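Participant: Taken in order, these protein sequences are the chains called Y and P. Its first residue numbered 706, the first sequence is counted upward by one per residue in the numbering used here. Its first residue numbered 591, the second sequence is counted upward by one per residue in the numbering used here.
Treat the hints with caution; some may be incorrect.
[To be verified] Straight-line distance between alpha carbons at most 25 Å, and here's what the computed SDA-like set of lysine to any residue pairs gives:
hint, chain 1, residue 1, chain 2, residue 2
1, Y, Lys891, P, Arg713
2, Y, Lys893, P, Trp732
3, Y, Lys982, P, Gly828
4, Y, Lys783, P, Pro635
5, Y, Lys977, Y, Ser892
6, Y, Lys784, P, Gly827
Keep in mind the hints are simulated off the structure, nothing from the lab. Since the model is a prediction, treat every value here as computed from it, not as a measurement.
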Amino acid sequence: MNKRKTYIKISALFLIGIMVALTAGCTGQTDTGQKTVLKVLIAGSLTSPMEKVEAKFEADHKNVDVQLEPAGSLECIKKITELGTQADVLASADYTLIPAMMMPNYADWYILFAKNEMVLTYSDKSKYASIVNENNWYKILDKPDVVWAFSNPNLDPCGYRTPMTIQLAEFEYEDDQIFEKLISSKSKITINEVNGTYVITTPEDLAPDTSKITIRNKSVELVSMVQEGGIDYAWEYISVAIQNDLKYVRLPGSINLSDVGYEKIYKKVQVKTTDGKTQTAKPIVYGITVPKNAPNAALANEFVKYVIDENGQKIFNEDGQPPVVPAKANDKTKLPQILQQYAADN
Amino acid sequence: MKNRIKLELRRNPISFIFFFIGFAIIVFVVGTLFNMLYKQLIVSPAYFIAILKDQYVLKSIGLTLYASFLATILAVIFGIPLAYAIARNEFYGKNIIESIIDIPVIIPHTVAGIALFSLLSRRGTVGSIFGNLGIVFQDSLWGVVIAMFFVSYPLFVNSAKDGFVSVNPNFERVARTLGASQWKAFYQIALPLSYPHLISGAIMSWARGISEFGAVVVIAYYPMIASTLIFYRFNTGGLKESQPIAVLLILLCFITFLFLRLISRKKG
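All chains, full assembly: derive it from the sequences and hints.
Facilitator: Structural data, given as structure tokens:
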């Protein structure tokens, strides 16, 4: 009897193994035998368009296996600077992290290639889904039966941009209670005004009132929670909302961190995170670079070309992530030759 | 007992060879961990000492041990009857039941977390019922416990099952013929005789719960357990701030498990 059981178990495992092998075979993910592996670390919010760039790149380079590693932007960079990961390409949701953390030791150029904006996402299951709009969203978030979410400001740029947006809302709607009601009364996140600059401090122990506010490491983790109806509203980038078919409230340009015209107003808000850094609110612009220690620099440069050329721009546009056209370099003279014609000086 | 094993080793060269080959595993584990411990405790003890004074870290490690302990209690309460029923009975679909028990071991932990979340979140089908009773899983201790339970109970159930199978059912039958009730036969014969298996299963289950990250972090980011905090500190402060916590957790777990194994061996 026991022997029979073992046989059954082994054959079941075998079957599962075959199924896995078949599925993997169909998507062509396992066949890395002879291929050059191109390791691409990307901000989680770039996953969808980057997968499309990956498909195109692999179609044109049969001997290359592009391996995308989506994570928080900070996490991606720390993999390179702290763990010694040898990555070929790095794309961050906040381009300023590249000069701040990677230059000059790990990178000497970067390109601004795409933009994004903050939106408030929800689903049909969300409370007050039928009435929420760009004028009343902050009142709805404050309702006692609404649960809303954002990502950890100390880990995810989308996370520190959330309190920025909420503070900017105070200026836009001329209501100086919004931040207090939504954030500081329900967590240990504090705000101080110094000479017209609003400095938000996010301690390690955010201590959110979890019956009202949900926090996770990355904003993409919140998507399925909104879809499942476990939370009503979540702060996301518009790209994430579009890629996941979430409904979203589109916010005024003065608070959604996408409009370069409002740069001066954005600048009034800062967030001090636990790593001791201060982030100043600014338009959301993505940066990409090839680390100095990239094992396959030539291929990596070409991959960057695929991201910023006309086809790349088209992919990003379709995914709700407006490309920067033309892409802008921090210093064009430092760019690899192959990228020169695709980027202008910032 | 010990002397006999020593003698056997001497007489039996194959034991020596096996021991030698098997030792590679020990070297592998010790080497990996020793590197970390050495750097932390000998080369730069300052960070480690700072961690020992960090209330947030201590609280989070305490919470991890406690929550996993609760998860193990749940596994014991529900697992012993399940394991006994399976071990003592042959029935149609037994294979299926046994495979179902193993599912949590197979599925990716994030998937487990999402499945638990959709069922047990405040708005989830089951979560809302518990919510009315005052038990909330989303971002709460119970969320941590249930996620740990989900991934760790198979270790206990399987070990307990092996334990009950190893006890000859005739012992229980004899006890019954001598007038013991079914219940008495169970808790005076089967239970004590499978004690080593139960203890070792409980220890493994507890350990498994402590190490869980993927499933817990989906349903309960707060309160922060050690693995969530280590991940968090790695991202904010890098290795120098996350490694000391990991080292402290490893040391605590090692000491605890060693202690438990020693006790259980004595009793067994």
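Participant: All hints are to be evaluated individually against the structure, with a verdict given for each.
Facilitator: The hints, checked one at a time:
Among the hinted pairs, Y/Lys891 with P/Arg713 is consistent with the structure: their alpha-carbon atoms are about 20 Å apart, no more than 25 Å. The straight-line distance between the Cα atoms of Y/Lys893 and P/Trp732 is roughly 23 Å, inside the 25 Å bound, and the hint therefore holds. Using a Cα cut-off of 25 Å, the hinted pair Y/Lys982 and P/Gly828 holds, with the two alpha carbons roughly 14 Å apart. With a C-alpha separation of about 23 Å, the suggested pairing of Y/Lys783 with P/Pro635 holds against the 25 Å cut-off.
Of the pairs offered as hints, the one joining Y/Lys977 and Y/Ser892 holds, with about 15 Å between alpha carbons and a cut-off of 25 Å not exceeded. With a C-alpha separation of about 12 Å, the suggested pairing of Y/Lys784 with P/Gly827 holds against the 25 Å cut-off.
Violated hints for the displayed structure: none, as all numbered hints are satisfied.
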